[in-house]
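K.L.:
So you can see what is in the structure, the chains are spelled out below.
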Amino acid sequence: MSRATLGWIVLSWVGFVLLPWYGFERSASPNLADYFVSGSALIHGIRGAWWLLPILVPLGMALVPVVRPSIQQKGTWLVASGLLGLALIVVQGFSIGLNGWTFDALRSLFGEPGPSQAGMGYGAALTAAAFLIILCHGLAARGWCRGDAFVTSSIGIVVALILVFVFFPVSTILASAFADNSGNFAPSAFVAKFMDKSIWGLDCLTSDLRCGVAWNTLFLGLLVAFGTTALGLAFALIATRTEFRYKKLLRVMSVLPIITPPFVIGLALILLFGRSGALSNLLWEWFGVPRSRWIYGLPGVFIAQLLAFTPIAFLVLIGVVQGISPTLEEASQTLRAKSWTTFWTVTLPLMRPGLANAFLLGFVESLADFGNPLVLAGNYEVLSTKIFFAVVGAQQDQGRAAVLSIILLAFTLGAFWMQHAWLGKKVYTTVTGKGDSGIPLPLPRRVAMASYLTAIPWAIFTLAVYAIIVVGAFVRSMGRDYTPTFEHFLTAFRVERADWGLYFSGSAWNSFFATVKVAALSAPLTAAIGLLTAYLLTRQRFSGQRAFEFGTLLSFAIPGTVVGVSYILAFNVPPIEITGTGFILVMCFVFRNMPVGVRSGIATLSQIDKSLDEASLTLGARSATTMRRVVLPLLRPAIVASLVYSFVRAMTAVSAVIFLVTAEYNMATTYIVGRVEAGEFGLAIAYSTALILVMLLAIVAIQLMVGERRLGRRSASAAPSPIAVQAVP
Amino acid sequence: MELKKTFAAATMLAGTMTAMSFMSAGAVQAQGALVMYCAVQEEWCRAMTTAFERETGIKVSMTRKSSGEIYAQVKAESQNPRADIWWGGTGDPHMQAAEEGLTEAYKSPKMTELQDWAVRQWDQSKQRTVGIYSGALGFGYNTDQAKANNIGEPKCWADLLKAELKDEVQVADPNSSGTAYTLLATIIQIMGEDKGFEYLKALHKNINQYTKSGAAPAKATALGETTVGITFMHDMVTMVVDKAPVKVVAPCEGTGYEIGSMSIIKGAKNMDSAKKFYDWALTADAQKLGADAKSYQVPSNKSTPIPPQAPKLTDIKLINFDFAKYGSSDERRRLLSKWDNEVKNLPK
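Residue numbers (the working numbering), protein chains in the order written: chain A, 835 to 1563; chain B, 438 to 785.
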């Protein structure tokens, strides 16, 4: 038995005997004794919580292989102990709630109200985790995944986390799709809501009526996915394959929108192109172009989403474009292929995993986006806003929201499936152990021109949008009164010097600190879980892999509002009672943003030759060591992408967190939304500017900390030594 | 190597400590705490919080959300309520929560000091929610745009049907916004259901956009994105105070109004504090804070001075708004689906 297994067995006992089994009341202020022994499951069990005592059986079973080392079926004992332990914890947790029995059957069988218990605490969490790991170690001992305990444990942990933080909450709310208004099971209500004309109507094809919201969403999603992928590719090609002078600037421009809080892009677009917008006014005065409201509707949302999501495509694609081995391209040229032919038949097909993943992300992001349609969509309705207002609007119809979410989910599922079909079973490996001596091909002129022509105007456009935002933060009222002022910053970020030190009296500080804290905690977690998942998906083979992969996409595909409500429904009552804590915010962000880590990880990993890992394994390194020493350094662009993305997302996401914020953990975006609702755009923009600065600093810091991937590639400028390739600005 | 290990151990310890501090949800003293969901503007929420803390020493944890969001949250939390009091925000979600038994009945000793409309709503909700302020529905128009396009001053609901205003009127979608639902209910109460829907169909031709949020047309009017915006009058007043070229109109036919309400959450963990806050929030002193925070609604306590900028309720012809009927979920569902089928899907 390995020391690690032994350690986890000890921890399972620690969680049961030493640590407090239950969470503390919000109002309680526990002392040290409450933390140790006196609140433990053992003491509770002896004092009357009899349902905790059976857990001693699996705890004892885990000890069997320890005390009798000669025993043959060590793995079987561990598996049985882990399974039984988890089952007991889950069953007692779900059947005994805050107000007694939770199931009607139990209530009628044993009488009301029955025993009650609070939510799980540190002890329960530790013991449950230990049982899980014991189970995984047992499976490894029985020969699963070539007996590699690291791999089985990783799979176990990720699956358990996804079950708890994705499937469990989401299923609670999707169940309401099949219920009528009083909560009874009613499949006919589902059919009626599902077949509604406002969802599937096709009137816009034949008349000037509106089409169903599902078609609108789908159409917008496809447009945005194509657009962001094309733009992202143009930026990535310029950044890696050309000698463009202002490359760095271009990169900053391309990543700026990702760090922009919601509403701000939409707002800036209105101030530029709205009927009374700055550009519209110029066009009217100079060229007599009549002012109109064209921006409200499909064009406006499309532009805003292109701005917002191109960076994601760029971040995914740049790693992939860098990773393409010049050797293949050189081979193609040696065979006398023209540079255009090479690009078209070698380079582009090798980028497929990147293109497919960028497309998928763009599509899913567009479907889930909420801030931009809210501001700009006008009468063009999309699912995400419709779902939001089904929950919080005058209708207050949660079942309808669930039905619409299922449709949204179906679209995502479809996109996911198509992506798989398109990628097929081809191999895209280009980063191998062999040294590459080739020089990356300069872009064919046609491609270079096309890239420049799309990327540069776009960058200028981004610049204009950002100029508006910066100006907006420093004038009294954007669009009306351009008197310069610091008033907005003072309201939000005033710092006073009190006798006892600095006093942060501005109204935004509170949410600002909470946001930074939550973002900083969730970013590394997101990246770690995301990349681990990507590693498992690409490097390991196990049954249920597809379902597992889909599970990782699920929380991303479901609109934030639905996730927010489902988190309250699931986590406000025992056994897992974590609403009102910062922890639930972190978890929400981790599982909403993990798919980006997974996607960029998969895109990058599918380029890296498996023989590199195998070489390391053959030389006697374990999986964990291989991961740390070989895979991770090669994954640096993906690490940067997922760290940046999750940090930024934690600072800018709106809809999910609206329901999860509390007085103590208030988030920047809810503050901004409140300001936008009140019409105080100046303040909202000023706060956003501050956030943008913080995020820029964070991105630079992440870049410096993770460092750059060094591939043995030369650049076309004939630098003598392999130069470092910078991943993202 | 040893150093590295020590460092790693120290980091892990620090991490665990942070995680532990993070898991506990803000230890607030059991005596004298109050969790409040607040649905008005941030400034006003803050002013209320600090004033109440100063007055009573009770520590208030305030979270600001829109009224609909609070309703959804209170409903989702009903198994294990987190909040004690829900203060402010338009009355519909409060009425809905009262109907579903999510809030607690309470009779405050201050009830005698309140305006009739506040007491009536309290009665209709089986004592579960009480009016703290009210705001009349109306519209505002952008004077610059009106001048540029030669549009005469609109004074009545009927004026909004004029052909010059084609594509120049903005209002929220009643499915998503309580403001727009108030408009729907108001028009029906003024004109009767059949005539009312005829009016809304005619108005549909002049609507350029049904926004999602109720107050959005006020901002759009201020920016000149639309000429006329239909909102609660105090939302327009905020734009006027901000020196936008906007004129606020109280329609001549009469108009409906919202009652910003307050409810105690059923099963509140700090029931005593909640009741203390409830009584305090109905006093004139507490209601005065609204005007200081640039919110110009009409307070419900008779002796609260009405802010000079606020639209005077005496100058406005208020209809006798039937909150019990139009606030009930069945009636609302019926009207909304009728509006969806007969108005929203009409060609322009």
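I should point out that these hints are in silico values taken from the structure, not numbers from a laboratory. Where a beta carbon is used, it is the ideal one built from N, C-alpha and C, also for glycine. Don't take every hint at face value.
To be verified - As a list, the in silico DSBU-like pairs of lysine-lysine whose alpha-carbon atoms are at most 30 Å apart:
| # | chain 1 | residue 1 | chain 2 | residue 2 |
| --- | --- | --- | --- | --- |
| 1 | A | Lys1351 | B | Lys706 |
| 2 | B | Lys547 | A | Lys1031 |
| 3 | B | Lys781 | B | Lys638 |
What the hints assert, rightly or not - Taking beta-carbon pairs under 8 Å as the criterion, some of the chain B residues facing chain A (in silico):
| # | residue |
| --- | --- |
| 4 | Arg491 |
| 5 | Ile495 |
| 6 | Lys502 |
| 7 | Ala509 |
| 8 | Asp529 |
| 9 | Gln533 |
| 10 | Glu536 |
| 11 | Lys563 |
| 12 | Gln564 |
| 13 | Gly615 |
| 14 | Tyr618 |
| 15 | Lys649 |
K.L.:
A separate judgement is required for each hint: does it hold in the structure or not?
P.N.:
Outcome of the hint check:
1. With a C-alpha separation of about 28 Å, the suggested pair lysine 1351 of chain A and lysine 706 of chain B falls inside the 30 Å cut-off, and the hint holds.
2. For the hint linking lysine 547 of chain B to lysine 1031 of chain A, the alpha-carbon distance of about 50 Å lies beyond 30 Å, and the restraint is violated.
3. A threshold of 30 Å between alpha carbons decides the hint, and for lysine 781 of chain B with lysine 638 of chain B the separation of about 8 Å falls inside it, so the pair holds.
4. Hint status for arginine 491 of chain B: violated, given a least beta-carbon distance of 16 Å to chain A, over 8 Å.
5. With a cut of 8 Å, the hint placing isoleucine 495 of chain B at the interface with chain A is violated, because the nearest CB-to-CB distance is about 13 Å.
6. Because the smallest distance between the Cβ of lysine 502 of chain B and any Cβ of chain A comes to about 6 Å, under 8 Å, the interface hint for this residue holds.
7. The closest approach between the C-beta of alanine 509 of chain B and any C-beta of chain A is roughly 5 Å, which is under the 8 Å cut-off, so the hint is satisfied.
8. Hint status for aspartate 529 of chain B: holds, given a least beta-carbon distance of 7 Å to chain A, under 8 Å.
9. For glutamine 533 of chain B, the interface hint holds, since its Cβ comes within 8 Å of a Cβ in chain A; the closest pair sits about 6 Å apart.
10. Look at glutamate 536 of chain B: its Cβ only gets to about 11 Å from chain A, farther than 8 Å, so that hint breaks.
11. The interface hint given for lysine 563 of chain B is broken, as the beta carbon of that residue sits about 19 Å from the closest beta carbon of chain A, more than 8 Å.
12. Interface restraint check: glutamine 564 of chain B against chain A, minimum CB-CB distance 22 Å, threshold 8 Å, status violated.
13. Checking glycine 615 of chain B against chain A: minimum C-beta separation of about 6 Å stays under 8 Å; hint holds.
14. Nearest Cβ of chain A to the Cβ of tyrosine 618 of chain B: about 4 Å, under the 8 Å cut. The hint holds.
15. A distance limit of 8 Å between C-beta atoms decides the matter here; for lysine 649 of chain B the minimum to chain A is near 5 Å, and the interface restraint holds.
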